[in-house]
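> According to this note's numbering, the sequence shown holds residues 2 to 173 in order.
These are computed hints drawn from the structure, not numbers from a lab. Glycine included, each C-beta is placed from N, C-alpha and C at the ideal position. Take the hints with a grain of salt, since some may be wrong.
List of simulated lysine to aspartate or glutamate pairs, EDC-like, C-alpha gap at most 20 Å [what the hints assert, rightly or not]: (1) Lys138 to Glu173; (2) Lys6 to Asp117; (3) Lys102 to Asp131; (4) Lys12 to Glu133; (5) Lys120 to Asp99; (6) Lys12 to Asp131; (7) Lys102 to Glu37; (8) Lys136 to Asp84; (9) Lys102 to Asp117; (10) Lys58 to Glu37; (11) Lys49 to Glu37; (12) Lys49 to Glu11; (13) Lys138 to Asp84.
Pairwise CB distance ranges (calculated) [as the list claims (entries may be wrong)]: (14) Gly123 to Val4: 19 to 29 Å; (15) Glu137 to Gly170: 47 to 57 Å; (16) Glu37 to Gly170: 34 to 44 Å; (17) Arg81 to Thr32: 13 to 23 Å.
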Amino acid sequence: MNVGKMVVGEKAFLPCTPHGVIQLLIRSGVTLEGAEVAIVGRSNIVGKPLANMLIQKNATGNATVTVCHTRTKNLAEHTRRADIVIAAAGRPNTVTADMVKDGVVVIDVGVNRVEDATKKRGYRLVGDVDFEAVKEKASFITPVPGGVGPMTITMLLYNTVESAKRAAGLVE
């Protein structure tokens, strides 16, 4: 039921990670209205709901959204055009520096384990973006870990509080 309400723009519990991404952008002063957004990832958990939320006719939407994925032909053409690139493909280095324009805002939702013999566990966590290279071109970029993950948890707590308020009859 919440997905249907979300799609038509009615009040609903929003999925935590997409909601966290939008709050991160808004609270960082990024303008979404009229922005070209490339979402790299089409999952039912992040990509699709995020695209729907960003195109809504409201204060946290009104963006022009292109949904891409790992099999998109000429992926770089789409990401280079974007003011905001949101990577959620689940594959390290999906977005590289040559794929973005100067001043781009980059949100890295990906969490991937890559082998690293220098680490105690034998691996390290990286996102879907080549962080070190892309940060030189980006006006804003989220790290992995420590970027979107904490916002997901925050939005889960937000939904929990909203649910409690509704159950107590404090809001409609």
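> Next step is simple, just say for each hint if it's right about the structure.
Against the structure, the hints come out as follows:
For the hint pairing Lys138 with Glu173, the CA-to-CA distance comes to about 45 Å; that exceeds 20 Å, so the pair is violated. A C-alpha spacing of about 44 Å is found between Lys6 and Asp117, which places the hinted pair above 20 Å, so the restraint is violated. Between Lys102 and Asp131, the direct Cα distance comes to roughly 14 Å. Compliance with the 20 Å bound is thereby established for this hinted pair. Our distance criterion of 20 Å between C-alpha atoms is broken by Lys12 and Glu133, whose separation comes to about 39 Å.
Simply put, Lys120 and Asp99 have alpha-carbon atoms about 29 Å apart, too far for the 20 Å limit, and the pair is violated. Of the pairs offered as hints, the one joining Lys12 and Asp131 is violated, with about 36 Å between alpha carbons and a cut-off of 20 Å exceeded. Between the alpha carbons of Lys102 and Glu37 the distance comes to roughly 12 Å, so the proposed pair stays at or under 20 Å and holds. Taken as a hint, the Lys136 and Asp84 pair is honoured in the structure, with Cα atoms around 14 Å apart against an allowance of 20 Å.
For the suggested pair Lys102 and Asp117, the alpha carbons sit about 30 Å apart, so the restraint of at most 20 Å is broken. Annotation: proposed proximity of Lys58 to Glu37 holds, straight-line Cα distance about 15 Å (limit 20 Å). Restraint check for Lys49 and Glu37: the C-alpha separation of about 16 Å stays at or below 20 Å, so the hint holds. Under the criterion of a C-alpha separation no larger than 20 Å, the hint pairing Lys49 with Glu11 is consistent with the structure, at around 17 Å.
Between Lys138 and Asp84 the alpha-carbon distance is near 12 Å, which keeps this suggested pair within the 20 Å criterion. Remark: the range hint 19 to 29 Å for Gly123 to Val4 is contradicted by a beta-carbon distance near 39 Å. Taking 47 to 57 Å as the suggested C-beta distance range, the pair Glu137 and Gly170 conforms, at roughly 52 Å. One distance hint, 34 to 44 Å for the beta-carbon pair Glu37 and Gly170, holds here, with the actual separation near 43 Å.
Our hint of 13 to 23 Å for Arg81 and Thr32 holds, since their Cβ atoms are close to 19 Å apart.
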